[in-house]
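A.B. asks: Sequence:
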Amino acid sequence: MAREFIVPKRIYTGAGALTAAEEALKGLGKKALIVTDQVMIDLGNLKKVEEALKNQGTAYSIYSQVSGEPTDTMVNNGLAVYKEDGCDFLVALGGGSPIDCMKAIGVLAKAGGSISDYMGKSIQAELPPMAAIPTTAGTGSEATQFTIITDTKTEVKMLLKGKNLIPDVAVIDPQFTMTAPAGVTAATGLDALCHAVEAYTSRQAQSLSDTFALSAVKRIFQYLPIAYQEGENQVARVEMSIAALEAGIAFNNSSVTIIHGMSRPIGALFHVAHGLSNAMLLKECLAFALPGAYCRFGALGRAVGAAGEEDSDQEAAKKFLKETARLIEELHIPMLKDYGINKEEFFGSIDKMAFDAMNSGSPQNTKRTVTENDIKEIYKKLWD
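Take the sequence shown: its letter number 173 is residue 173 in full-length UniProt numbering, and every next letter is one higher.
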């Protein structure tokens, strides 16, 4: 069956990518709204983007009030700046939060209404031109047709979708990931691993997404531990930036599965960063998914060198799970109780989280049939 495969119009990768992309940024419009956060200002990263725009004589305004996971309130505040300052295109600098916020601002700038109006719908509106400059190697939002925004009234993390949400320009410059601390490097790197593994084992996987997903998984297992331990290692940072992009392209075209479906409610209710909540779920969710796709997980086990050709698919799949668990341990990912979440409050929220997870549609892409009760049991296991 014929399948569509979509990617950003222009992608710049490697050292000096921002400089190489200057003319492309100029071509997006007359005045940019840079969507970012205070950390990017403090690290001096925003100044680099400002210089790139100034070099081309491009005017800009700044919205830097993205803090934590993006909410409808942040989107509305950013939209106000966009309109008041007469901007006609958008540039996001930061992790997935500023990039997702930028996309949502773009939707409302053209289509109007409230961002919650678009939950469960395919967004068709033509958006302003957008450029994404990721500073973490993880979310892949620079290459996807998705954005995740929290509805502050319902405490639901809304997954919004539309082809026009893919940025026109993606700038993957490793100079920005060099400033990411070890904990962020670990969490975002495992987020990218989730994207790649889920894309490869999704019911919607296709040949091209498989190619990108496999490449991403191999890069992550090889280079994430190095980037975590040696933050200044440029080779590891470059490879992880490419891996995150590959993983983003992969799941953009084949979707995610049970991990992401279960992760969003944890983030919405307990304010755990998206990459970290994915990492917390990774081992238990994959253990559940394995029996539905031994062939696929076995191929991943062989790809990362955890299993050999002599291993059966089932054996290779289990070895991949073991190797993934080892990686999580090596990266010192905190679990729920270590994060300071109240056990009673968490267990009291399981019914809502399970409902919201299933309602997102992502678990249904898992090759093993998933029920709401299955989701509840996995949530309970996170405390063991």
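Please keep in mind that the hints were generated in silico from the structure rather than gathered at the bench.
Backbone N, C-alpha and C fix where the C-beta goes; we use that ideal spot for every residue, glycine too.
Some hints here could point you the wrong way.
Keeping only pairs whose Cα atoms sit at most 25 Å apart, straight-line, the calculated DSS-like set for lysine-lysine is [to be verified]:
no.	residue 1	residue 2
1	K343	K367
2	K352	K381
3	K31	K121
4	K367	K337
5	K31	K48
6	K30	K9
7	K26	K83
8	K322	K376
9	K380	K343
10	K318	K380
11	K283	K163
12	K322	K352
13	K83	K163
14	K30	K110
15	K318	K352
16	K381	K318
17	K367	K161
18	K318	K161
19	K83	K30
20	K380	K352
21	K376	K337
22	K26	K54
23	K31	K163
24	K110	K121
25	K376	K153
26	K381	K367
27	K48	K26
Label-pair distances were calculated between CB atoms; the ranges are [unchecked claim]:
no.	residue 1	residue 2	range
28	G16	E345	29 to 37 Å
29	T179	R10	18 to 26 Å
30	R368	L43	49 to 57 Å
A.B. asks: Let me make sure I understand: some of the numbered hints might not hold for this structure. Which ones are they, in numerical order?
C.D. replies: Of the numbered hints, 1, 3, 4, 11, 12, 15, 18, 28, 30 do not hold.
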